[in-house]
Amino acid sequence: MLVHYLLFPSLIWASLVASRRPRANPTQDGCKILRQNYLKSTIFPGTARYDFENTYSWSATAWLGPACVFAPNTPKMVSFAVKLFTELGVPFAVRSGGGMTVDNAANIGPEGILISSTNFTEMRISSDLQSVSVGPGIRWPEFYAYLDTFNRTLDGIRLGNVGVVGLLLGGGIGFFSYEHGSISTEVQSFECVLANGTIAEASLTKNADLFWAMRGGGNNFCIVTRADLRTLNVSAVDIGSVSYGTAAQEQYVRSMIDFAHNADFDPKTAVEGQIRWSPSTNINKTYDSFIFHSGETAQISSQNFSAPGLQNFTAPVMPVVAGEVTRQTMGQWSNSVDYAADAGRRQLWHSVSIPADPKIFNILINSYFDGIAGLADVPGFFTALAIMPITRNLLLKSEANDGSPLINNGQNDPQVWLVESASWLGATDDEAVFNAHARANEDIRANIEAAGSSVLPFVFLSASQKTQSNEVFPGYGQENWQRLKDIRAKYDPGMVFTNLVPGGAKII
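The sequence shown runs 1 to 508 under my numbering.
Please note that a few of the clues may not be correct.
Said to hold, decoys possible - Here are the computed lysine-lysine pairs in the DSSO-like style, where the Cα-Cα straight-line distance is at most 27 Å:
#1 LYS32 to LYS76
#2 LYS40 to LYS76
#3 LYS506 to LYS206
#4 LYS490 to LYS206
#5 LYS506 to LYS76
#6 LYS485 to LYS506
#7 LYS359 to LYS285
#8 LYS485 to LYS466
#9 LYS206 to LYS76
#10 LYS490 to LYS76
#11 LYS485 to LYS206
#12 LYS466 to LYS506
#13 LYS506 to LYS490
It is worth saying that the hints were derived from the structure and are not from the lab.
Construct the entire structure; sequences and hints are all you get.
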């Protein structure tokens with residue numbers, strides 16, 4: 001059911017439709033009309049607020065310089081902007097927390113207008129503490145800290161200063177996902193603005209097809225103005241970052257693969273691997289992990305863990321040589337990092353998924369790091385190969401709440417999702433970094449195929465590279481891909497969010 005369709009203000013509408021002659025600069029016209037109607041919310045170059053909005057994204061590769069920025073604070077204002085841009089043919093982008101490394105996924109250059117979610121800062125927990133509403137301007141560290149005050153939490157990002165809503169639309173795996181399913185499974189409803197300006201609710205009972213599609217469908221359907229999520233009655237967890245040193249690859253691979261196949265018996269446990277290489281400080285890569293347990297205390301000590309699911313990540317199997325795990329809230333964990341120190345660097349993510357097989361995993365590790373070895377002299381270069389073992393229970397639990405297109409894609413065997421997360425300082429090194437990663441990923445595919453296997457078709461939207469945009473939705477499986485196309489055609493028949501919003505993976 002669609003709710004409270006908003007009529008475009010009559011004077012503005014009349015001025016737009018009175019003449020159909022081509023406009024010399026529809027983007028500048030759009031900025032002017034926004035300023036006439038919402039002066040305090042329309043932001044132009046040459047101001048401190050414009051600089052703040054343009055550089056809000058985590059990666060400097062996404063600081064593109066829009067013609068103007070529109071920062072609404074109500075769904076009605078968003079509706080006005082969408083109808084205006086559609087009428088004038090203005091390209092635009094929408095930004096939540098700015099966590100994507102794809103340059104135009106959440107920003108746009110001077111050819112278009114940026115809709116910023118900065119002013120949508122709602123955080124409101126229900127009286128029974130079972131659910132919480134959140135606006136698209138909220139990032140995860142702030143959100144976790146808010147929930148701490150009620151001794152609640154939810155399944156969200158593992159670590160990172162990125163937007164809550166953006167992760168829900170891109171899909172994600174959190175520490176609690178091994179017990180409860182993917183992050184998007186926890187969404188109860190969305191409030192959003194459709195391409196025709198209608199403010200709609202999407203849930204299991206209202207626009208259920210749209211609700212399914214949004215949880216992994218990216219920016220193809222509407223602009224979210226609020227999300228309602230289920231909370232978890234968990235006040236503190238065992239969590240931390242540990243290292244196994246520089247010579248642990250063989251056992252590290254076995255432990256990660258074993259977790260993917262056998263960790264279902266202890267779903268309160270989670271691990272995320274991080275193989276890190278910072279050549280300016282250590283020419284050798286280190287084998288590290290985030291360790292997590294949400295049940296009763298899982299520690300013998302800060303470097304020795306008693307939880308059954310963690311026995312392959314502690315002594316005597318794989319002794320921890322640095323770091324520690326402590327009992328803390330998710331808010332404390334998420335806010336323990338100095339995110340400002342990493343802001344403004346140039347970033348690249350690339351998603352790869354493989355069967356949970358130690359031989360294939362070793363080939364991928366060696367192919368990736370051999371392929372980027374020539375980047376050792378790039379100033380400030382750092383990379384982390386993030387590793388998410390995907391268990392059968394995680395996939396099964398993700399079918400709850402009507403599932404989502406990215407998880408329920410026919411791939412039901414244990415897998416490993418990996419993200420190449422590279423960072424460097426200067427724009428002059430962009431070409432070298434991007435080219436090295438392109439060659440490395442060609443080698444990954446070729447070497448795995450030479451071993452008689454192949455990478456899986458799944459591409460993780462939230463961590464995909466721009467060059468992977470055309471692979472994301474086919475990777476959901478033919479049936480899900482077609483269903484997404486049908487839903488897109490129903491809610492956005494004019495393909496506003498496909499054609500006027502150029503950034504991000506598109507359902508085509």
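Evaluated hints:
{"no.": "1", "hint": "LYS32 to LYS76", "result": "18 Å, holds"}
{"no.": "2", "hint": "LYS40 to LYS76", "result": "15 Å, holds"}
{"no.": "3", "hint": "LYS506 to LYS206", "result": "24 Å, holds"}
{"no.": "4", "hint": "LYS490 to LYS206", "result": "14 Å, holds"}
{"no.": "5", "hint": "LYS506 to LYS76", "result": "26 Å, holds"}
{"no.": "6", "hint": "LYS485 to LYS506", "result": "10 Å, holds"}
{"no.": "7", "hint": "LYS359 to LYS285", "result": "19 Å, holds"}
{"no.": "8", "hint": "LYS485 to LYS466", "result": "20 Å, holds"}
{"no.": "9", "hint": "LYS206 to LYS76", "result": "20 Å, holds"}
{"no.": "10", "hint": "LYS490 to LYS76", "result": "22 Å, holds"}
{"no.": "11", "hint": "LYS485 to LYS206", "result": "19 Å, holds"}
{"no.": "12", "hint": "LYS466 to LYS506", "result": "11 Å, holds"}
{"no.": "13", "hint": "LYS506 to LYS490", "result": "16 Å, holds"}
Of the numbered hints given earlier, the model fails none.
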